[in-house]
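**Q** Protein sequences appear in the order of chains A and B.
For the first sequence, this note's numbering gives the first residue as 1, with consecutive numbering after it.
For the second sequence, this note's numbering gives the first residue as 1001, with consecutive numbering after it.
Calculated directly from the structure, the hints in this document are not laboratory data.
Treat the hints with care, since some could be wrong.
Claimed, not checked - Result set (DSS-like, lysine-lysine): computed pairs, CA atoms no more than 25 Å apart in a straight line:
1. A:181 x B:1136
2. A:41 x B:1136
3. B:1321 x A:104
4. A:62 x A:16
Said to hold, decoys possible - Facing chain A, according to a computed beta carbon distance under 7 Å, are these residues of chain B, among others:
5. 1071
6. 1072
7. 1075
8. 1076
9. 1079
10. 1124
11. 1125
12. 1176
13. 1178
14. 1181
15. 1216
16. 1221
17. 1222
18. 1223
19. 1238
20. 1240
Quick caveat, the model's predicted, so the values are computed rather than measured.
Backbone N, C-alpha and C define an ideal beta-carbon position, used for all residues, glycine too.
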Amino acid sequence: MELTVGPNQFFWPAEKWSAFYRDLAEAPVDRVVLGELVCSKRLPFYQDCIPEALAALTEAGKEAVLTSLALVTLNRERKLTADLAAMGVTVEVNDLTALAHLPKGLGFHVGPLVNVYNEGTLAWLASLGAKRICLPPELPLASVETLARAGAGLGVAIEVWGHGRLPLAISGRCYHARLHKRTKDNCQFACEDDSDGLEVRTLDGQPFMAMNGVQTLSDSYACADYQIEALAAAGVAALRLSPQSQGFFRLCQTYRERLNGTSPAGTIASEVLRRLPGTRLSDGFLTGPSGVSWSAAPAIP
Amino acid sequence: MEIVCPAGTPAALRAAVKAGAHTVYCGFNDETNARNFPGLNFDREEMRMGVAFAHTHGAKVLVAINTFPRAGDQSIWHRAIDDARHSGADAIILADPGLLAYAARAHPDLRLHLSVQAAAANADIINFYAGTFGVKRVVLPRVLSVPEIAAINAETEVETEVFVFGGLCVMAEGRCSLSSYATGLSPNMNGVCSPASHVEYRDDNGALDAQLGGYTIHRVAKDEPAPYPTLCKGCFSAGSQTGHLFEDPVSLNAEQLIPQLQKAGVTALKIEGRQRSKSYVAQVVRNFRTAVDALEAGRPLPQGMLTRLSEGQAMTTGAYKKTWR
Chain A
1 MELTVGPNQF FWPAEKWSAF YRDLAEAPVD RVVLGELVCS KRLPFYQDCI
51 PEALAALTEA GKEAVLTSLA LVTLNRERKL TADLAAMGVT VEVNDLTALA
101 HLPKGLGFHV GPLVNVYNEG TLAWLASLGA KRICLPPELP LASVETLARA
151 GAGLGVAIEV WGHGRLPLAI SGRCYHARLH KRTKDNCQFA CEDDSDGLEV
201 RTLDGQPFMA MNGVQTLSDS YACADYQIEA LAAAGVAALR LSPQSQGFFR
251 LCQTYRERLN GTSPAGTIAS EVLRRLPGTR LSDGFLTGPS GVSWSAAPAI
301 P
Chain B
1001 MEIVCPAGTP AALRAAVKAG AHTVYCGFND ETNARNFPGL NFDREEMRMG
1051 VAFAHTHGAK VLVAINTFPR AGDQSIWHRA IDDARHSGAD AIILADPGLL
1101 AYAARAHPDL RLHLSVQAAA ANADIINFYA GTFGVKRVVL PRVLSVPEIA
1151 AINAETEVET EVFVFGGLCV MAEGRCSLSS YATGLSPNMN GVCSPASHVE
1201 YRDDNGALDA QLGGYTIHRV AKDEPAPYPT LCKGCFSAGS QTGHLFEDPV
1251 SLNAEQLIPQ LQKAGVTALK IEGRQRSKSY VAQVVRNFRT AVDALEAGRP
1301 LPQGMLTRLS EGQAMTTGAY KKTWR
């Protein structure tokens, strides 16, 4: 199985952003998707760093891919989406709006924020030129198996969310701004202070979600550690690792070793918990009763 | 403008039609529609009868098949499309591109509407759906302001339908898995959000806690009314704040924006609430019909006509006003 690094979901300062992709060129991953997924207002801050990052990644032998925005409403966002195809790099479609702009016949990838739940939609996307589809994280293993089989017949590689906070929702409304009693238009980039999202707890103080501007993420970090053999058997072509500000390169190496068969199930989880104590892990969308469930957690008596 | 009303039962359909609905939308009683609640919706025979009743009274029926088919089980959804067609429905409302492709291929004469679950939020994607599948109308997601809706209408021939009353989805519809993260049941796959099967109320030292999937997201004094624990309208803490961080427990009411929505080129006004009683549906429909009839006749809009339906419940115009964001 290959490793794909998904687009950074958070708002990092340009320097940190650049350093991350510079370092990533050395990481044992096969593919890197970059660009702005969540909020078009963030892009101008690091836009000029993108060509350099693309060049470094390509030079290091990795496939570089540009993401489209997850929710396209404004004219500026439509134009950004339309301009993606002109960058000369494969585009990952994360809002179908991008399909309206991609030149016919040009292959593209589909990201986890597009609703590919079944063979019919997969086949339709393949007919338009989809070469790789990262399935929505919500799908159970049985659906992943069916879609990986369908993808194999259509020449579409199937990718699955492997690690990182799960993208649970996207809105027109900016929650970071709202928390600071501001509107989206006057957000003053409140999300910049939370490089992995801002923890959202329940009234019992239980960690539950994370807010990230207009996006809502899971509190838990999805972790495919215990599912890797099942995903490989299903014919999944790649796992997606979602950028986080702490320990990401080590995480890439740990996943690489697991995929190479040099470490057993449980290695990734125990290393994550050792290096970043307090991290909550989940893999429930694949096999559990709900997305937040964790297969390695002791069963509730 | 066309008033599009919800009908969760055959009785609600008849009530809506009699109360003046131009159009009624409903779904089959299974996972193919996004309001898959126990005791709701139509079996095949009820759908056929419902359509016949509406047509006799000059009203139209739209059938919502707006969940995303399960891999390996698409035939359930395909059959729903076939059956909607054979029931005489005036259009079907779809969200899944695979289903749109199927419907366009299998029933080229069937009118297709794009569900709000498709979250098509700009003219490019709407025109793309029209060009690819012949979609005639789009239900716009509740993330757009009135000027943005006007701009969309200026760039597309596809009719637009917007929500004016009822529940407010805070996240882009069709792209939210908060519910399945917490409960295992999802709007996209199962047609349910924050399902009642996972709701629990607990007495906690004189306070009443409302939990969803084991998460406490509301707490009120025992004698206060406890709101239904919908995830995005729950009470949470972040930073130093505790409150309704995503949205207050409010409903959408855009009745006073109807003239602006008309100027923005909107074709149809949609009322949410297939889980509501037939008397509620009839009352809301009557009021909205009065409003659009007044508008057509050049009379001023009746003021606050729906206040009594929203007793004790807060109202918002949501994203229609840009400051909401």
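**Q** All hints are to be evaluated individually against the structure, with a verdict given for each.
**A** Structure-based check of each hint:
no., hint, result
1, A:181 x B:1136, "violated, 40 Å"
2, A:41 x B:1136, "violated, 33 Å"
3, B:1321 x A:104, "violated, 37 Å"
4, A:62 x A:16, "holds, 20 Å"
5, 1071, "holds, 4 Å"
6, 1072, "holds, 5 Å"
7, 1075, "violated, 10 Å"
8, 1076, "violated, 11 Å"
9, 1079, "violated, 13 Å"
10, 1124, "holds, 4 Å"
11, 1125, "holds, 4 Å"
12, 1176, "holds, 4 Å"
13, 1178, "holds, 5 Å"
14, 1181, "holds, 4 Å"
15, 1216, "holds, 5 Å"
16, 1221, "violated, 14 Å"
17, 1222, "violated, 16 Å"
18, 1223, "violated, 19 Å"
19, 1238, "holds, 5 Å"
20, 1240, "violated, 10 Å"
The structure does not agree with the numbered hints 1, 2, 3, 7, 8, 9, 16, 17, 18, 20 stated previously, though it agrees with the rest.
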